[in-house]
Structure formats: structure tokens, C-alpha cells
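Following the hints, complete the assembly by docking chains B, C and D with the ligands onto the known chain A.
Spelled out, the chains give:
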Amino acid sequence: MKGWMGKSRVLFLFGIMLLTLSGCGLPNLTALEPKGEGADVIYDLMMLSVIIMVVVGVIVMAIYFFVLIRYRQKDDNQDYIPKQTEGNKFLELLWTVVPILLLVVLAVPTVQKTFMLADTTPSEEDKEDAVTIEVTGKQYWWHYNYNGLEIQTSQDLYIPTGERVYLKLAASDVIHSFWVPSISGKMDTNPGDGNVNEMWINAYEEGVYYGKCAELCGPSHSLMSFKVIAVSPEEFDQWAEDMKNVDTDATPESESAQAGKELFNNSCIGCHAIGSAPAGVGPNLTNFASRVKIAGILDNNKQNLIKWLQHPEEIKPGNKMTGKYGNTEAKNPLTSEEADQLADYLLQLNPSDITPEDAEAQE
Amino acid sequence: MSTATAQKKGFGATLWDYLTTVDHKKIAILYLIAGGIFFLAGGLEAMLIRIQLAVPDNDFVSAGMYNQLITMHGTTMIFLAAMPLIFALMNIAVPLQIGARDVAFPFLNSLGFWLFFFGGVLLNISWFTGAPDAGWTAYAPLSTTSPGHGVDYYVMGLQIAGAGTLIGGINFLVTIVNMRAPGMTYMRMPLFTWTAFVTSVLILFAFPALTVGLFLMMFDRMFGANFFDPQMGGNHVIWEHLFWIFGHPEVYILVLPIFGLFSDIISTFSKKRLFGYSAMVFATVLIGFLGFMVWAHHMFTTGLGPVANSIFAIATMAIAVPTGIKIFNWLFTMWGGSIRMTTPMLWTVAFIPSFTLGGFGGVMLAAAAADYQYHDTYFVVAHFHYVIVGGVVFGVFAGLHYWWPKFFGTMLSEKLGKLAFWPFFIGFHLTFFIQHFLGLMGMPRRYWKFLPDQNLDLGNLVSTIGAVLMAIGAVIFLYNVIVTSVKGEKVSGDPWDGRTLEWSIPSPPPFYNFTQTPLVRGLDPLWIEKRQGNGKMTPAEPLGDIHMPNNSFIPFVMSLGLFIAGFGFIYQVDDSKWLGLVFVGMLITLGSMFVRSVKDDLGYHIHKEDLEKGAGSE
Amino acid sequence: MSSDQLQRLKPGQSPHEPEKATLEGKNKFLGFWFFLGGETVLFASLFGTYLALNGEASNTNGPGPAELFGLELVFIMTIILLTSSLTSVYAIYHMKNLDFKKMQLWLGITVLLGFSFLGCEIYEFYEYIVHENHTFRSDAFGSAFYALVGFHGGHVLFGLLWILTIMIRNAKRGLNLYNAPKFYIASLYWHFIDVVWVFIFTVVYLMGKLGG
Amino acid sequence: MANNTNSTSYEFYKQKNKEEMKYQLITFALMIIFTLVAFGMVIAEYDPLFTIPVIILLACVQVGFQLYYFMHMYHKGHGLPALFLYSGVFVALLTVITMVTIVWW
Ligand code: HEA
Ligand code: HEA
Ligand SMILES: [Cu+2]
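Chains as they are written, first to last, in UniProt numbering: chain A, 1 to 363; chain B, 1 to 618; chain C, 1 to 212; chain D, 1 to 105.
No false leads were slipped in.
Derived DMTMM-like pairs: lysine to aspartate or glutamate, alpha-carbon spacing no greater than 25 angstroms straight-line:
#1 Lys307(A) x Asp59(B)
#2 Lys26(C) x Asp99(C)
#3 Lys22(D) x Glu11(D)
#4 Lys16(D) x Glu17(C)
#5 Lys418(B) x Asp75(A)
#6 Lys599(B) x Glu17(C)
#7 Lys530(B) x Asp76(A)
#8 Lys18(D) x Glu17(C)
#9 Lys102(C) x Glu19(D)
#10 Lys22(D) x Glu17(C)
#11 Lys101(C) x Asp600(B)
#12 Lys26(C) x Asp600(B)
#13 Lys293(A) x Asp59(B)
#14 Lys101(C) x Asp4(C)
#15 Lys320(A) x Asp59(B)
#16 Lys418(B) x Asp494(B)
Taking beta-carbon pairs under 7 angstroms as the criterion, some of the chain B residues facing chain C (in silico):
#17 Ala104
#18 Val174
#19 Pro208
#20 Ala209
#21 Gly224
#22 Phe227
#23 Met232
#24 Gly233
#25 Ser597
Derived by calculation from the structure, the hints in this document are not laboratory data. Quick reminder that beta carbons are idealized off the backbone N, C-alpha and C, glycines included.
Chain A extracted, bound-state conformation (with noise of 0.2 angstroms):
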């Protein structure tokens, strides 16, 4: 057993290894670079309570390969009967006041910071322009809706930098949690409106920033992927403008896309909606060209499109849109000039000029 503290070195020095090969992680992913408040305050508190941790364990392996080397039964020493101690009252005393300490330490930033990520109302100067976000956690997307803009949309969550933005958290069907790990924690969204949750995010630059759904909510529970996109807050109401704005019966160009149009109309509408309305059975599309990825995990181009509305039980099983009108699960298939059809209007929704690009070209 003379390996053991060879063992254990070499099992340590691999670690660190993988973990500078791996790094902190994606940027505007991981919770290890913080781009926004929330994530920011967290993340000095996970530090201090590494910190803690690592002084801790120290102090316990220091004593525990001393004790483990020095006070192995030697072979010649068989028989020797050590002393029976029972005890020993500092000691004892000791251990269990300093890890109290070390806690009140550790408490004292948790109790704030949890008072201060739950401070939802605006300050008063703030309150005027304060955005509040209705966010509604579905199977398996996301719901937006701007209060006092009359803006709703889906997937891509637009928010202006620099301020906090409010959300109030909601799902219809079952749990969700709403989680944008660079920005800030994650948060519940619970069925029935008793139970509404709010939260508030606040991203200090320009970006594209990922989010998950973080509680388990049926098979696609991995696909619930959104993103948040940053912009700077004139940009930002440039976007309220134009979704305001949005000529929700605007004749598309091409004729692909017009036929696309009168398709879309006559089965899709039932489900989707074009233009601020509730939230539906299926997300609303008012700028579903300039979405960073359909469905929220395939890149956004038109082969992708096609092959989601063709097939969406293959990407994203156990969606609702699964069989409720001519895709893989139904009689009659949606045609290849079908789907190509719709596509091209569904490509060419674009109402805002501020897209993700502008976020991203700023990062």
C-alpha cells in the first residue's frame, strides 16, 4: 500500500490537467466567466466559499496523511497496544467552534446575497422605464411577454444592457426553471398563477447568451434552449419599436414565400402566431429569421428549417407539434415544395434590424 500518496498525487496532477485542457467552459455559457450581476455576486460568493472549503481541507489531509504515514502498524510492532484515549476536551472544542466560525462567515454574504437577488421592485428613480418581462416556460420553449410594450415573442429573449430587467416566471403545463448561467441564477417557473416567480437579470455587455431549461420537464427537457440577447438599450428600443410596428400581413417577395404565407395561414396559425398575441400552443415566429437557432438547438438556415418542419419528432421528441398537421407522424406528409414553401416565408419574418448579429459584433 506504499502507492497510496504516489497514487493519489498522479490522480490530482491529471485533474488539473483536464481541467485547463477543457477550461472554464463555453464563454456566455458558463457560470465561471460572469457576464451579468446575478452571476457576478454569485460568483464571489462561490469563491469565498471555495476559499473556506480549501482551508478546511487542507487542515483535514494535512492531519490525515500525518496520521495515515506516521502511524502505520510497523511489522516488527505487532503486538503494541496503543493508548486507549478517550478523548480530549480542547480538541474537541476546538472543531466544533472554528467550523462555526468559518460558517458565520460564509453565512453572512449568503443571507445578503439571497435578500438581494430577491429584490424585485425598481428602485424609484428606476421605475418609469423599468422592462418587465412576463417569461412562460412551455414544452418545450419559451414565452415572452413586454409589459406596457405590447410585444410578445418567443425563444430569444431581447433585453438592454446595463439595467435590470424584471421577470415574472410562469409555465403552463409543468415545471420549468429559467436558467442563463452567465448572467445570472437560475429560477423556477411554476404551472397556475399562484405560484408566479420573479427574478430580475441584468447583463453588463452586449451579447448572445446561452440559456437552458434546468428542471426536468419530458423527453426534450435537453432541447429547451433559448438564448438571451443583449443589446444596448438604444438598440433595444429600436427593437421594441419595430415589433411594435410589425405589418403582420405584409405580402412577402418572393412567390415561394407567398404561397409559404397562405399555407401558413391556413394550418398553422391555429398553433403559432405572427405579431403580439398570448402565448399559444407553439411559439410565436413575429422574427423567427433573425432566431439564433430553430427549435432552439439546429443552426437557423433553411435546410434545417425544412428538415424541423418535416420531422420535428426526430429532433425534438415529445414537442406538441408533433402530428398536428402533415409531418412524419401524420397520413398525408407535409410535400418537399411544402416545406420548402414555408420556409422561405418564415425566412424572410424579419420585422426588427436589430438582430443577434448586432449583440455578437459588439462581444
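Below, chains B, C and D with the ligands without anything else, positioned relative to chain A:
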């Protein structure tokens, strides 16, 4: 040894013997076998999970299948593997450690086992028709609206198994209170017995909350009630509370007996009395007490508000103090000792840093604000596998090596034991350490697949490789068990130079345990006799007739009835004809309760003369 | 020792607490008390659920507690159950005096009272379901109400069957050290049912009537 | 009773049981009275803010009577039963408080 008996008695007779046994040592073996099989099943599920997550965007299993796998993995491991394996250890050791001939309620002990067993079988039958898929926590409304019968199996299986656990808990409580040998005061009980006691207390007060939660879910799913349906005025948060009011104490139910076991092992293999015995007892009780006041730390992101979150955060952190007391007392038991690195000790020594790391993760999670980041990510998965695998599973391995002689009268090979340890230990850290980082890097838990290009690939691959190493370790352990059983080499009653009463009698013990009840003169009674006496326990009574309970088939039948009724309940949703099965099942159960109630069961005596001839000690 | 346990206990030669005279008896006694500790949590979970949901009839148009409940029947039921608690005290009193006949008599009265309580409860549920159209499925309040009160009713029924079983089983052979603990813990169970009912009539009915 | 040295222990305990039965009857009378008061207060429609605490208190006292007298918890040898019952009550209280405070928000 059981196989030797088997050859003597023939297979049928042995089987019947085990189906009807009320002997705590045989029940321990039953728990060991059933729990072991369920552990393998849970481990297999874990391997499938890890294979699915080995590479990004994998399609090894389907999304629906994945959710079934994690649900069954969690449920199986907690309820059907860890708990029964701990019950196996408690059953073999507690009566022996307190110098009792038997447990307080041998009949109920057997009933507890069979209820657990049938509950577990019921749950696993769901694999053939679609397993539960709402996570082991079964949060409503996902669980109440989950199609198919998977969650129904979860509800019925856990209800039946849970009843068994509750009964088992009460049995241990009364056994420890009423059946101690003369001189075995509370403050002389071995730590394992103490922790078994406190764990049983936790079972007694935690399981009823689960029982009610499961009933409510059963009513919602099967009989149209509205407890968790917001449209009808229900509230799913009630389920979360009930589940965790049970669920948090449950994790201490799992780990406390293991703490006790490690205390015994460390003291034995350091040749030292446990350092700070009374502080250890006090810490155990305190952990148990605090364990009931922290459950909402699993619900920090539910939205309870900052006041509730802060209170529960502080209460949770407080548990680090008594746990720390334990860690340091273990270290100082070894301090100045003469440490023998046997296999049980090896697992124990590996446990200390592993569990401490897991505990650190726990305290970090307890910081409510920070938990908004950790919650429902792989950070949590890492935390609880560190405490559960690094604590409970290491503990079960240690305990099995330690008490194998008392189970079967043979010794597991030390060489193979150590050979199994290393891959398991290294694999364990590989699998779970990196998961802390995966979580913080943005990987939520219960994710069927993670997407490529999110810097999560390497970490997941490492984790999977670690899991393979663990499986190798587990297989070597199995090999060890088989080899040992085939060889069947007998060992003495006291192969480890033990300190407590179980080592004062032969391995395996005769079915009446102690020919004469021993007189206990202090903590570590056998050690005292070895140092100050002739190395043998002084009897507290003259040799006399021993009263023993009768075997009974009723526990099996009673549990079978519930098992049958369980199917009825599950399928009456589709067709009310299935209610017939409910009646048949309940009739069997109530009928056998009736029989139990009206039939006198007075047991029998082993006569003094037979004892002198050495009956029972094969 | 074992078959001695079946010997009929006679005044003047037997222990004064026959229920705890044997190890088995002591075990039963203690184990049963522990079980009652667990039952406390069980009922608390049901009470908690009820208290969380009893105000939730409003959004489903069903009757709330204040409209639904009447107090007359509940009062009668309460008195019946309280009295049955007293009669079972009498039974145990006679058991301690080793007077088997009287014990059986009082137990018999207890059982009768228990069944009349149960009858009232069934009548009450019937009224609610048939006349008020308020069922287990109506809304969350309905579910919680029937779950809590029904669980208690189930305990009453089980207790009655249990007491009847041991009464009939032992009718011929009288009191002995083997069955004394059984009678004793059955009576404990009966008292516990009463304890739960005290909270049910207070929390469910009286507070329900008050609209709180 | 201490002078009853001549009687058998049976007679002694019989006497004692009889004494005890008297207390049981008093207990029962009080319980009925409490019940009457509780129902009466509700029927009289006092302010619920006053009535509710009072009827809960009455229920608790009544249950105390059941436990200590009817279930003999005041007899010796009931230390552990009391400990476990009160532990149960503790968990029960936590549960109920939770359900009435942090289930809805
Ligand atoms: C055996 C099982 C076990 C054990 C022992 C523990 C122990 C602890 N657990 Fe863990 N826990 C689980 C099993 C366990 N847990 C499981 C299964 C889950 C997830 C369930 C699910 O969601 O599926 C979970 C989840 C979980 C959460 C919720 C996370 C989330 O979902 O967001 C939290 C939060 O507070 C937590 C905290 C703790 C703490 C503080 C301890 C403490 O008891 C740890 C104490 C120990 C130490 C701290 C180390 C030794 C101490 C010292 C050396 C002294 C000095 C130390 C300091 C001063 C820090 N646990
Ligand atoms: C006692 C509890 C326990 C134990 C011991 C384990 C052990 C393991 N667990 Fe598990 N785990 C849980 C309790 C436990 N787990 C719980 C409660 C959850 C949460 C579930 C949920 O989210 O609802 C979870 C979730 C969970 C996840 C997260 C899934 C997700 O969120 O998507 C992962 C992923 O890596 C995982 C992995 C493992 C691994 C690799 C092991 C290994 O340690 C296993 C080692 C054992 C073996 C490898 C067995 C060897 C046997 C064989 C290889 C088969 C041979 C077969 C025959 C001979 C028939 N577990
Ligand atoms: Cu916990």
C-alpha cells in the same frame, strides 16, 4: 455456512427455510442478496446513462428511455440498493453487538423484508411496460401527467417498499431499547448500533411524509383527485415539500449507519478506543435532529422567498459542524494508533477525503444564493455521488468485508478486495470530480444529450471512463464473492481482533446467537475482556433453555397480496375489471393479517441439554 | 414460559400490569407507541395538505368549507367518539383488575359507538356527494377534505375490525399474558384515533365554519 | 393506602385503579366541556381572530388529557413513548407550519 446447510437440506428445504425465516441473520442475507441484485441493476442503468453521455449529441438511447433510466437509476439505488444493503448490515450486526438472541419483532422483521422485496420487484416490472420517467423526485405535474403507467409503478412500488422500511425501523428501535444484554447501557453501545438507532428514528418520522405524498399522487393519477393540479385549485409545491420532508432525512438515513460502521472499523483497525465517543453520539443525534429542518435546501429555486431560503440555508450549514466533529474524531482515533490497512480499513480510509469533498460540495450548495447557479446541474450530481458513493457505497463495501465472517463464516479474499478497491476508487473520482465543473460550465442534470461545441465533451468523456473503471471494480468484487463462496474456508469467530460483542461468538453465529447472554463491563466489551480478563465474555446468566420464535410464511403472503393489489390499482385506470385484482390482493393481505392475529405464535424452546451438545453451531 | 402465557389470569396471583409483564408485551407496548409517533407525522402531512388547499374551492365554483359544513352532525360524532374513548378506558380498567367479562362488555360498547360514528360519517359524505355534488374530484378542497377525513375514517374502521377480532378470538379463553398486550395496544390505537378527531373537528369543521 | 399492608397486592392495585378511574372520569367531563365551549364559540360567531386560537388551544389541552390520562402517559415507564411522541409532534408542527406559510406566494 448456508451452502453447507444447503447441501445437507436440499434446495427446496433451504428455499422454504429462507421464505419463512424470522432469523435476523438470514434476513440479513436476504437483504444482502436482493439489495445486491438491485445495486447491479442500478449500476447497469448508470452505465447506460454514462454511455449515452460519453459523446455529444449521442443517440444511444432515446429521450424517453433516458428519462426512464435516470428515474429508475435514482430510485433503484436509493430505495432498493442502498437502503436494503444498510438493512443487511444492521440486521447482521445490531442484535449481535448488543448481545441479543434476537430482534424484538422477528415476524415484523421478515415482513419488512418481503414488503421491500415485492415493492422493488413491482417497480422493476415496469421495465417491461414503460418505466417511470419523471425523475426519482417525481415532481408534479410532470409525474401526474406522465402518460402510460410508469409513474403508477413508481407510486405503488415505493408505497409497498416504504411500508417495509418503516416496519423495519420500528423493529430496530424496540430491539435496541429492550433487548440489550445486561450492562450494555446506552453509552456503552457500539457506534454502529447508535447510528442504527438514530437512523431508525429518522425512518420513523420521515417515511410517513413520503407515504402521504405517494397517496396523494396515487389519488391524483388513479382516482381523479386534484391535489397537484393548478387548474382545479391544487398546488404542486405540496409534493415538493412532502417529498423533501422525507427526502432530506432519507440521505442521513443512508449515511448515518455508515458513519457508525466506520467508527467501529477505525477503532478496531487502529487498536484504539474511539476518540470522543460521547461527542460522536451527540453528533449523531444532532445530525438526525437538524436533518429535519433543512429539507427546503432542495427547493431554493422553487420560489419560497428570501426569508425561507435564508433560514434553510443557515440550518443546512449547521450540519457541517457535527459532521466535522465526526471527521476529526475519526482522524484522532487513528492518531497514535497502530493502523492495520485491511480491506475494510482501506475503504474507510478512502471514505474520509471522499466524503469530506462531498460535504464541502454540500456546504457550497447550502449557500442559497449560490445554489441558484448549482441547482439542477451536474454540480449537484457530483455532490451527492460524492457523499453517497464515497460515503454509503464505500461503507457498504467496507461493512461487507468486515462482517462477511458473521454473514457466512468465511472471509473475502484480502488480495482481491484490494484489487477491487483501486479501480473503483480511482474511477469514482474520475467520474464525479469533473462533474462539479461540468455543472458550472452550464450542463444541467437530467439531460438526455448535451450539444456539441459547448466545451462539455471532454469532461463527459472522462466521467464515462471513470464509470467503466468503477464497473471493473464492482466486477472484481463479485468475483471475490464467488471465489470465496466456492472455496468456503471457515474462519474463527474473531478474525479481525475485534472489540465488540459480535466477535465473541463463532462465525457464523449459531441461530440463537449467544448460548448465554454476555455480561457487558464497558465500552468495547470484548476488548475489555481481552485486556483485563480471560479474553472471553462472562455470561450474565446460567446456561438455560432458550426461547426462539417460529418461522412463518405469513409475511411472504401478506406482501404478495399487496403486490397483487398493486397491479390492480395500476391497471384499473384502463379498465375497472382490474379492481378485481385489488380485492383479491387486499383479501390475501388482510386475510393473512387476520390469521396472524388469531393464531397463537408462542415459539419454541431449545433445551439446555441440546445446547450443551452444541446444537445450531454447525 | 411460552405456554404459561396462555394461562388464564386470575385475580390475586398475577402481575398488576399484565400488558407489560412479558418481554413480548413490553416490546409491543413500546413499538406501538413509536408507531404512533410516526402516525403523528402521517396525519400532520394530511392536515398540512388540507390547510394548504382548503381555500381553493373559490376558483372552481364549488362550495367552500363554510358553505358545506354543518355542525350538528359533527357535534354528535364528536361526543360519540369521545365517549367511546372513555368506554375503552373502562375496558382497560377492568383488564387491569383482571375482570375479563367486564372488559369485553366495555369493549363491546366501544365498538358499537365506533360503528355509529362511522355510520354518521358515511351519512355525512353521502349528503355532501349526492346533495351538494361535492366530491373527491370536484376541486382541490374536495380532494384534501375526503383524503384527511377519509383517512381518519379508515383508521376507525381498521380499529373496529381489529378490536372485534381479538375480542372474538379470546372470548372463550379469557385474559392471559399473551393477549393482554394486544388488548392494551388496541385501546391505545383507539385513543389515538380520538386524538386525531379532536384536531379534525377543530381544524376542519370549526375553523372551516369560521372561514379561516 | 399505605396502611393497606395486609391486603394482597391485587387489592392494593384494584384500589389504586379505582382512584385512577375517578381522574379518568373528571378528564372525560373536562373534555366534553371543552368540546362544548369550542362548538359554542363557533356557533356564537365571535371574532374568528379570537376564536381560532382559543379552539386550537382547547384542542391541544384536550389531546393532552387523552395522552396523559386515557393513554396513561403520566405513568412511569412512559419516558420513551413521550420522547417519541413529542418528536413526532415536532416534525408534525414543522410540516403544518410549512404548508400554511410557504406553499402559496
Ligand atoms: C448520503 C447522502 C447525502 C449526504 C450525507 C449529504 C450531505 C449534505 N448535503 Fe446533500 N444531497 C444528497 C445527498 C446527501 N447530501 C442528494 C441525494 C441530493 C440531491 C437530490 C436530488 O436532487 O436528486 C443532495 C442535494 C443537496 C442540496 C440541494 C442541491 C440542489 O438541488 O440545488 C444541498 C443544498 O444545500 C445539499 C447540502 C448538503 C449538506 C450541507 C450536507 C452536509 O451534511 C455535509 C456535511 C459534511 C461536511 C461539511 C464535510 C466534513 C466537515 C468538516 C471537515 C468540518 C468543517 C467544514 C466546514 C466548516 C465547511 N445537498
Ligand atoms: C445510492 C445511490 C446512487 C449510487 C450508488 C449511484 C451510482 C452511480 N451513479 Fe447515480 N444517481 C443517483 C443515485 C446513485 N447513483 C440518484 C438519486 C440520481 C438522480 C436521479 C434523477 O435525476 O432522478 C443519480 C443520477 C446519476 C446521473 C445523472 C443523470 C442525469 O442527471 O441525467 C449520473 C450520470 O453520470 C449517474 C451516474 C452514476 C454512476 C456512474 C454510478 C456508479 O457509482 C455505479 C457503480 C456501479 C456499477 C458500475 C455496478 C457494476 C455492475 C455492472 C457493470 C453490471 C454487471 C451486471 C450484471 C452482472 C448483471 N447517476
Ligand atoms: Cu438535502
